[in-house]
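Colleague: Residue-level listing of the chains:
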Amino acid sequence: SQKIEQNSEALNIQEGKTATLTCNYTNYSPAYLQWYRQDPGRGPVFLLLIRENEKEKRKERLKVTFDTTLKQSLFHITASQPADSATYLCALTNYGNNRLAFGKGNQVVVIP
Amino acid sequence: DTGVSQNPRHKITKRGQNVTFRCDPISEHNRLYWYRQTLGQGPEFLTYFQNEAQLEKSRLLSDRFSAERPKGSFSTLEIQRTEQGDSAMYLCASSPPGDRDTQYFGPGTRLTVL
Chain A
1 SQKIEQNSEA
11 LNIQEGKTAT
21 LTCNYTNYSP
31 AYLQWYRQDP
41 GRGPVFLLLI
51 RENEKEKRKE
61 RLKVTFDTTL
71 KQSLFHITAS
81 QPADSATYLC
91 ALTNYGNNRL
101 AFGKGNQVVV
111 IP
Chain B
1001 DTGVSQNPRH
1011 KITKRGQNVT
1021 FRCDPISEHN
1031 RLYWYRQTLG
1041 QGPEFLTYFQ
1051 NEAQLEKSRL
1061 LSDRFSAERP
1071 KGSFSTLEIQ
1081 RTEQGDSAMY
1091 LCASSPPGDR
1101 DTQYFGPGTR
1111 LTVL
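Read top to bottom, the protein sequences are chains A and B.
With this note's numbering applied, the first sequence corresponds to residues 1 to 112, in that order.
With this note's numbering applied, the second sequence corresponds to residues 1001 to 1114, in that order.
Okay, chain B solo, but in the shape it has when bound:
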């Protein structure tokens, strides 16, 4: 399967713990996006990378959140000191250089904070 992959698919953690998610975009896709989706809502934009540069961040991305994309390939999203309100599906998407308008989503990582 050559689609966007995300790991882990599910994560259960206790409040106050740190968690890290990984996204592997489709090969050759230079744009990578992170979104968060809560139940009954559409995805909400968190941040965007072009190659290794983080070019855009949403106000939703508080200082407890950090995202990286070293070497412009895979990306990680870390949440420090998790809160119950962080419980959501975290989605990653990528776009190729020749078609920046279309985003291809991964299966998501479902985070539950107890």
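If we strip away everything but chain A, and leave its shape as in the complex, we get:
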């Protein structure tokens, strides 16, 4: 069966450090992978998209890697700030598909 796995345990990290989240998937052939941020009671907010032929993507303090051999994406927040505290969702789209398939999300808590 298809699975998208994100760590269920919250990541507590000291302000200024780098937070690293993992997204593993099975039985998907994703055309691209996306990361979203979600705050409590709000809809997800798009952060970054990385295509299957791209190894790495950066946007300000965010970095995403995509390894289709390992079937894994890593999401990094460098120089983390308390305002980065949120749940981060990984989402995949298969070729020829319009729907996003999401992982459960991984909560990040940045401690001042």
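Be aware that a few hints might be false.
Said to hold, decoys possible - Computed spacing ranges between beta-carbons, pair by pair:
hint : chain 1 : residue 1 : chain 2 : residue 2 : range
1    : A       : His76     : B       : Asn1018   : 29 to 37 Å
2    : A       : Tyr95     : B       : Gln1041   : 45 to 53 Å
3    : A       : Glu54     : B       : Pro1096   : 42 to 50 Å
4    : A       : Leu74     : B       : Glu1068   : 37 to 45 Å
5    : A       : Glu54     : B       : Gln1041   : 22 to 30 Å
6    : B       : Pro1070   : A       : Arg51     : 40 to 48 Å
Keep in mind the hints are simulated off the structure, nothing from the lab.
Every value quoted in this text rests on a predicted model; they were computed, and no experiment measured them.
Note that beta-carbon positions come from the ideal geometry of N, C-alpha and C, so glycine has one too.
Using the hints, position chain B against chain A.
Modeller: Frame of chain A; chain B shown alone:
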């Protein structure tokens, strides 16, 4: 604010009642999506419209659920004979013609079925 808007933001209803939610996508966005999210889970795809045509439906969308997008602008999601298991956040998202890969989500409608 020119983002995706959803109404109502919260809905409490009794089991067996019908409810209808509305989504107004970002102007000029031709693709519109509905997702459902329960506590501790990621959003799950329900259905997708391109303009007014409903092109894809998930198996989650039972016959009690119906979605429409008349005229290819706003969309409505109706749930008939609500059940307690329908309690969730219902999210709408839209994509522009030039960037079909990125979905912009609304704030969601939280449904509680008593």
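Colleague: Taking the numbered hints from earlier one at a time, note which ones the structure violates and give those numbers from smallest to largest.
Modeller: As far as the earlier hints go, 1, 2, 3 and 6 are violated by this structure, in ascending order.
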